[in-house]
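Asker: Protein chains in written order, with the working numbering: chain A, 1 to 234; chain B, 1 to 487; chain C, 1 to 227.
Among the clues, some could well be false.
Stated by the list, open to error - When the alpha-carbon atoms are kept at most 25 Å apart in a straight line, the in silico BS3-like pairs for lysine-lysine are as follows:
(1) B:LYS78 / B:LYS232
(2) B:LYS354 / C:LYS19
(3) B:LYS35 / B:LYS375
(4) C:LYS57 / C:LYS47
(5) B:LYS354 / A:LYS191
(6) C:LYS117 / C:LYS57
No wet-lab data here; the hints were simulated from the structure.
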Amino acid sequence: MTDREMANLQNDARAEILQSIRTRLAESAVLNARRSPTLPLAATVPFVSDERSLVETFKQQLESVGGHCIVVSDESELTTALKHVVGEIEANGLETRRVALSDSPLLGVISRDLEAQGHEIAVTPSASDLFQFDVGITSAQAAIAETGTLVLEQARERNRLVSLLPPVHIAIVNAGDICATMSEAITRARKESDTSSAITFITGPSRTADIELTLTIGVHGPKELYVIVYRTNH
Amino acid sequence: MTQLSSETFDANARAALNDAQLRGALRNATSLFGKRRLEAARSLENWEELRTQARAIKDETLLHLDRYLEEFTANAEKAGVQIHWARDAAEANGIICRLARERGARLAVKAKSMATEEIHLNAALEANGIEAIETDLGEYIIQLAHETPSHIIAPAIHKTRGQIAELFTEKLGIEKTDDIAQLTITARQVLRDKFAAADLGISGVNFAVAETGTILILENEGNIRFTTSLPKTHVALMGIEKVIPRFADLEVFLKLLPRSGTGQHLTAYQSLITGTKRNADDEGPDELHIILLDNGRSRMLTHPTTRQALACIRCGACLNACPVYQQIGGHAYGSVYPGPIGAVITPQLFGLSKAAQLPFASSLCGACREVCPVKIDIPELLLHLRAEIKETSKVRDQRSEPVRPNRAEQVAFRLWAAVMARPRLYELSGKVFRFLQRSAARDGAIRRVNGLLGRLAPPLAAWTGTRDLRPIEPETFREYWRRAAHD
Amino acid sequence: MWSAVGVSTLEVLRRTGCKVEFDERQTCCGQPAFNTGYRFEARRVAKHFIELFEASKAEAIVCPSGSCTAMVHHYDALFADDESWRTRAHAVAARSYELSSFLVRVLGVEDVGARFKGRVTWHDACHGLRELNIRDEPRRLIRQVREAEFVELESADACCGFGGTFSVKYPEISTAIVDEKIQAIERAQVDAVVSGDASCLMQIGGRLSRVGSRVRVMHLAELLAGQ
């Protein structure tokens, strides 16, 4: 089929489908009950919004789905916190030698110690290389307290694959970027969708119950999710 | 691919009832899902309000579906998406196969998508020399087994770990183990290689936002993130009814869908994809193609009763609540869409005459309506379809092929109505039955009715196969009233 | 077909002080035809029902069946194209009540002077439960029955599998469904299962009898009429 024939066929298909819709809807017009107006979105139940509570709620929610959350009161404590997290992962019997970082400048700083300890560090390795890495570290552009969710935005950081391929994902998030509710997160995402072709919400490690409804953690996505929340200096 | 036919539903159901292992698996799965759904629904004070809102959003969308599809198309195209329109399954398969061939694709990885099963995409791809691998664990399992899914949310629910272990040993050559974690690791390893090598990623769409051209896909395993970010080309197939008006509307569905489907407050991952990457060296596919599929959906817009079925968000809650599904499982329906929702959309998408039994395979208990997050009145729809199927004398337009009428039943009901409209005839018929039942009753109950009487009155034989029948009492209420109770 | 139900209903209503009339010309609400897709035939029978009852001066039309009452409340669907009949149907429906709902919600009565010695449990008939919201009322009435020990049935609201012609079109599925109910009843170790719908009782009772159970089925009216 030539391109022109293809284009014509597509125009036909589009026209036919839209026409079918319009005709059927017109047929039903006489049967429609009084139309219910589109309801405005219900005002979300106001959430406790001071930062301390948001962090607490986020931590609780994340842990309830099998994620881990460490809170530090200062950016300067991140390096130590990261070392601690990596240590914990090793203690659980998981490999941590090869560590991939996203291109977030923050990570370059806090992961310097890891390199010194003998971990192999690479910043945004290629996809095919990434398959061999043990740990992926990214930041998160936002988080949702209500659900324990991380929000990763494509345009802000090269984090899409680093947060997916390695079996362990460590995410660093600023407490000030934790919003209270899914509603707020969606509002933010609406704006961000103009720029980011992919926005990913992550709530805990990957999972399945497809075999005999038995929960298994760690399928295709990471098996472990560690989130380090840091407060900004006031 | 072994697929039972809807036309042999009664035989399929009987076979399923004799499968003790299937029934055990169904009992566990449906009761667990049901329990979790209930807990999750109760976790939200405004659950009922959310259902109402969700339905209102869907109603609004469906009433202006053409407009919202055009808005979605315009915005998606602005963001770099290539939109395709497919009137039917053949056209959709043609488009996808052509896209694959043009790009020299040899291997496609697939995320779970009911729409792709509906059009039998995998078979079309294979016929075009393209290997299509399912990456959702449950779908991967049934693909290996050459079976079809038996549940919308948990496709391999009917298989025991032992069966899966044998399958993996046979097809993947691994050492036999029925340790679930080990089986999962095996699948993970096999599929990681496929993700790495795939030229094409194919997914479905849970919601498509008209306002921004965004598509939202939910999952727990991570295979959708792989499928939609690694291969160079991403093809997403969506039914035209998946579009919703505003980005903000997503919130309502994010609250309802995971809770209704698996009882989770939220699934592990949501991917909000708006067009293609802005810079060539960004992560993600180079191309995004979205195919808008009609395949009988626009026909359902004709009547408010049938239109509501297009509000379905494919959560599977109705399956778990249905006493019929709980006993027979999904395969018996002979359709990619089983259970209560399947019973109403299968005849409409694939033709009344091909699935004429399905609307009758329900006790109309209404449990499905109670759990549906978008308040689809499935019993109302079932009754509507039953009337359509039986009213074969009416002139029909193309959308419903005539179903061969059951002449005996037609005559029976005509007779029944004639008697019921005439009180004296009604009383007389009561006397006649009381006389006839004398031969059938034994020790105060009518037990097996076979032989001539059974052939004359099949319902009687069908009933008494497994249940006794209480005979009509010697004195009817009418007679009692006249005799003793008249004020 | 089950005259004891009618007799009991009459007894109970009179005991609560109602003056009861019974129009002998009544036959059926039309549900069997409607449920099987024969709307023309259902309409014919429904019209007879409406004509008959609209002529009555009674304040309430009481029916010992949730499914029949629900049918009457759903006459809209049958008369979608006929406004005049639809209006008449609404008028009749507005005065129509299922028995337990009438006693508790309209009369405000829970104790009807009943007595039954034994353990009983209640099965929620689907139409009554989901279409008419009848859940509390029968339980309140049963709790007032002297000497009766009320036991809540596991999954009391699970369908019995009758579903009208479904029970004979798909007898194996219908039986598989009722067997779940039977198992719950055996576990409850009761003397009687009570319900507000004769069709459910026919299904459950028919199976209980076939499997040789000593548990009997009773219509709510029968339980309430007992003294």
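Asker: Decide, hint by hint, whether the structure agrees.
Answerer: We went through each hint and held it up to the structure:
no.: 1; hint: B:LYS78 / B:LYS232; in the structure: holds (20 Å)
no.: 2; hint: B:LYS354 / C:LYS19; in the structure: violated (54 Å)
no.: 3; hint: B:LYS35 / B:LYS375; in the structure: holds (19 Å)
no.: 4; hint: C:LYS57 / C:LYS47; in the structure: holds (18 Å)
no.: 5; hint: B:LYS354 / A:LYS191; in the structure: violated (47 Å)
no.: 6; hint: C:LYS117 / C:LYS57; in the structure: violated (38 Å)
Comparing the model with each numbered hint stated earlier shows that hints 2, 5 and 6 do not hold.
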